[in-house]
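*Asks:* Protein chains in written order, with our numbering: chain W, 8 to 161; chain F, 84 to 492.
Derived by calculation from the structure, the hints in this document are not laboratory data.
Hints may be right or wrong, so weigh each one.
To be verified - In the DSSO-like style, the derived pairs of lysine-lysine whose C-alpha atoms are separated by at most 27 Å in a straight line are:
| # | chain 1 | residue 1 | chain 2 | residue 2 |
| --- | --- | --- | --- | --- |
| 1 | F | K98 | W | K77 |
| 2 | F | K398 | F | K234 |
| 3 | W | K36 | F | K189 |
| 4 | F | K187 | W | K9 |
| 5 | F | K156 | W | K143 |
| 6 | W | K17 | F | K104 |
| 7 | W | K149 | F | K104 |
| 8 | F | K173 | F | K222 |
| 9 | W | K143 | F | K98 |
| 10 | F | K373 | F | K304 |
| 11 | W | K143 | F | K222 |
| 12 | F | K98 | W | K118 |
| 13 | F | K104 | F | K308 |
| 14 | F | K308 | W | K143 |
| 15 | F | K338 | F | K189 |
| 16 | W | K155 | F | K104 |
| 17 | W | K36 | F | K98 |
| 18 | F | K189 | F | K146 |
| 19 | W | K155 | F | K98 |
| 20 | F | K373 | F | K308 |
| 21 | F | K90 | W | K149 |
| 22 | W | K155 | F | K151 |
| 23 | W | K36 | F | K338 |
| 24 | F | K365 | F | K187 |
| 25 | F | K398 | F | K151 |
| 26 | W | K36 | F | K104 |
| 27 | W | K77 | F | K104 |
| 28 | W | K36 | F | K90 |
| 29 | W | K149 | F | K93 |
| 30 | F | K93 | W | K155 |
| 31 | F | K93 | F | K226 |
| 32 | F | K164 | W | K149 |
| 33 | F | K245 | F | K380 |
| 34 | F | K164 | F | K132 |
| 35 | F | K226 | F | K245 |
| 36 | W | K17 | F | K151 |
| 37 | W | K9 | F | K304 |
| 38 | F | K234 | F | K245 |
Owing to the predicted nature of the structure, the values given are computational and were not obtained by experimental measurement.
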Amino acid sequence: MKIELNVNGKDYSIEIEEHLRLIDLLRDKLNLTGTKEGCGEGECGACTVIMDGRIVNSCLVMAFQAHKSKIITIEGVEDEDIKNAFIEEGAVQCGFCTPGMILAAKSLLDKNENPSEQDIREAISGNLCRCTGYNKIVSAIKKAAEIKRGGRNV
Amino acid sequence: MFEFIGKNIKRIDAKDKVEGKAIYPQDIYIEGMLYGFTVRSKFPHAFIKVDVSEAEKVDGVVKVFTYKDVPGKNHHGVVLKDHEVFISKKVKRIGDPIAFVVAKSKEIAEYAASLVKVEYDILPAVFDPEEAMRENSPKVHDKDNVFYHFKIRKGDVEKAFKECDVIVENVYKVPMVDHAFLQPEAGVSYIDEDGKIVVIASTQYPHFDQEEIAQALGVSKDLVKVLTPAVGGAFGGREDITLQIHLAIAAFTLKRPVKAVYSREESFIAHSKRHAMKMYYKTGATKDGKLLALEAKIIGDSGAYASWSMNVLRKAAVHATGPYVVENVKIDSFAVYTNNPFTGAMRGFGATQVPIAYEQQMDILARKLGLSPIEIRLKNCFKEGSETATGQILEKVALEKCIEELKRF
Chain W
8 MKIELNVNGK
18 DYSIEIEEHL
28 RLIDLLRDKL
38 NLTGTKEGCG
48 EGECGACTVI
58 MDGRIVNSCL
68 VMAFQAHKSK
78 IITIEGVEDE
88 DIKNAFIEEG
98 AVQCGFCTPG
108 MILAAKSLLD
118 KNENPSEQDI
128 REAISGNLCR
138 CTGYNKIVSA
148 IKKAAEIKRG
158 GRNV
Chain F
84 MFEFIGKNIK
94 RIDAKDKVEG
104 KAIYPQDIYI
114 EGMLYGFTVR
124 SKFPHAFIKV
134 DVSEAEKVDG
144 VVKVFTYKDV
154 PGKNHHGVVL
164 KDHEVFISKK
174 VKRIGDPIAF
184 VVAKSKEIAE
194 YAASLVKVEY
204 DILPAVFDPE
214 EAMRENSPKV
224 HDKDNVFYHF
234 KIRKGDVEKA
244 FKECDVIVEN
254 VYKVPMVDHA
264 FLQPEAGVSY
274 IDEDGKIVVI
284 ASTQYPHFDQ
294 EEIAQALGVS
304 KDLVKVLTPA
314 VGGAFGGRED
324 ITLQIHLAIA
334 AFTLKRPVKA
344 VYSREESFIA
354 HSKRHAMKMY
364 YKTGATKDGK
374 LLALEAKIIG
384 DSGAYASWSM
394 NVLRKAAVHA
404 TGPYVVENVK
414 IDSFAVYTNN
424 PFTGAMRGFG
434 ATQVPIAYEQ
444 QMDILARKLG
454 LSPIEIRLKN
464 CFKEGSETAT
474 GQILEKVALE
484 KCIEELKRF
């Protein structure tokens, strides 16, 4: 079957197998390997992408369900504030959860530029990290929000 | 004064990681590469007979590898070579690798793996290390299941316990733990333009892997190149070989690139765990709270393979008194084979399990003596020049100050 979708601002019309998952389409067919597979069952959030403005686990979305949708993967995140904040706060260790964390952070900050710590922790509650213990990720998102509000310069 | 100490340093690889550009082995795609899928034991202890003929007939399957296809030595292991690359006769745990199906796609490999016939002649198994220590228990490796016993002896515990005003005796158990690093095992192997066998895998030990791969291939070490790209967490769980040798044998035999990626479930089954330990503790003190004697027996469940068990159980014993001065000490730690998942390195390497025992002993002693948990610790903690149970004289000890700080809470 053929689907049409927009990924990171680029339009695709692509032939897919019916059993293909969105994560396989992104990684195997579109070469967007920044989207990671950590569990394949929607527990870890490493495969998080933004689909029509909402975060989804791309391992739980079938490729055909993405027909006519707009997808943003880590490769399409232009927001340097979040990425810089993650680097500066030491929120990146092994890096396997990082793309998903950044997309979850972006999804939050797109809607709320002044999130409370509770809002941040809730926003990343679908994303597992085994290295940092989360605190530095929370600080990074706080910092990114501050920068966005013009509170501090990087 | 210092270039790095006390300064906020940006990780060298952080930029690639925040942009999704860091390459983990699963992110490597090579034109014309094949995919491997591992057939694993479904039973913890059994003799096996393997028939791969049906699986090899599947369209798209290139070859099914078993122990017969290991060109060199069919073994590996970080200390003892007690793992087989592929099981030849007897599986010793659920998940032991039996065959590696290599096919044109992952789906074909996985399907064909379901057609590999494994006949199991099931043997009695042992899952409790204490039971495994008994003479009449099933033998995991056809020899005594106890393969390591470490002793610490200091002073005279028997005499010292007689002088104690209070003695606390308890048994503590801690379970196995999985590292659950976020990136499941994955790897790619191919022959490069110089004819070298390249294995790209997330590993903690490229130099160990190189040696083990070379032995299994029956080639000299300089023909094997192990490359470590980004590693998605490890915590000790990538110290033992998982898919490195399987991939190398397939690429070496077929002269084509081969890739394998474990699912989360297979990752849990394939790699080591933190040691479950059973800890018998007897701690005695005088009525003013001074520790006089400590006796401990620590039994570590090594599961089906030794991995780092000797080192882990040695470390557990060395740390068994905790950071406290005890004049009379008797500690015995054991590493024991069972048919459980094998256990190896995980953050702390044996030092992580014992605190739950020695610290609870301190709290219980304190309560019995009417002391506060802080008082009893200050009375016994390591100080400048203290001697540990193993005879080490300590320098630059700030523990007393740390405990004093806790008074505020």
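*Asks:* Now, for every hint given, state plainly whether the structure supports it.
*Replies:* Checked hints:
1. F:K98 to W:K77: At roughly 25 Å apart (the allowed maximum being 27 Å), W:K77 and F:K98 satisfy the hint.
2. F:K398 to F:K234: Holds: F:K398 and F:K234 sit about 11 Å apart, inside 27 Å.
3. W:K36 to F:K189: This hinted pair holds, its Cα atoms lying about 15 Å apart.
4. F:K187 to W:K9: holds (24 Å)
5. F:K156 to W:K143: Answer violated: F:K156 to W:K143 is near 46 Å, above 27 Å.
6. W:K17 to F:K104: The hint holds at about 19 Å.
7. W:K149 to F:K104: Since the Cα atoms of W:K149 and F:K104 sit roughly 24 Å apart, the hinted pair holds (cutoff 27 Å).
8. F:K173 to F:K222: It holds: about 12 Å lies between the C-alpha atoms, which stays within 27 Å.
9. W:K143 to F:K98: holds (16 Å)
10. F:K373 to F:K304: violated (56 Å)
11. W:K143 to F:K222: Roughly 48 Å between the alpha carbons, so the hint for W:K143 and F:K222 is violated.
12. F:K98 to W:K118: holds (25 Å)
13. F:K104 to F:K308: holds (23 Å)
14. F:K308 to W:K143: Not OK: F:K308 and W:K143 at ~36 Å, beyond 27 Å, violated.
15. F:K338 to F:K189: At roughly 18 Å apart (the allowed maximum being 27 Å), F:K189 and F:K338 satisfy the hint.
16. W:K155 to F:K104: Satisfied, since the Cα-Cα distance of roughly 24 Å is no more than 27 Å.
17. W:K36 to F:K98: Holds, at about 25 Å.
18. F:K189 to F:K146: holds (13 Å)
19. W:K155 to F:K98: Roughly 20 Å between the alpha carbons, so the hint for W:K155 and F:K98 holds.
20. F:K373 to F:K308: Violated, at roughly 56 Å.
21. F:K90 to W:K149: holds (21 Å)
22. W:K155 to F:K151: Violated - the C-alpha atoms of F:K151 and W:K155 are around 62 Å apart, more than 27 Å.
23. W:K36 to F:K338: holds (25 Å)
24. F:K365 to F:K187: Given that 27 Å is the threshold and the Cα spacing comes to 60 Å, the pair is violated.
25. F:K398 to F:K151: violated (38 Å)
26. W:K36 to F:K104: Answer holds: W:K36 to F:K104 is near 17 Å, not above 27 Å.
27. W:K77 to F:K104: Cα-Cα ~21 Å, so holds.
28. W:K36 to F:K90: Since the Cα atoms of W:K36 and F:K90 sit roughly 43 Å apart, the hinted pair is violated (cutoff 27 Å).
29. W:K149 to F:K93: holds (18 Å)
30. F:K93 to W:K155: holds (21 Å)
31. F:K93 to F:K226: Measuring from Cα to Cα gives roughly 52 Å; hence the hint is violated.
32. F:K164 to W:K149: violated (50 Å)
33. F:K245 to F:K380: Holds. F:K245 to F:K380 sits at ~19 Å (cutoff 27 Å).
34. F:K164 to F:K132: holds (23 Å)
35. F:K226 to F:K245: violated (39 Å)
36. W:K17 to F:K151: violated (50 Å)
37. W:K9 to F:K304: Violated - the C-alpha atoms of F:K304 and W:K9 are around 49 Å apart, more than 27 Å.
38. F:K234 to F:K245: Status holds; Cα separation ~22 Å.
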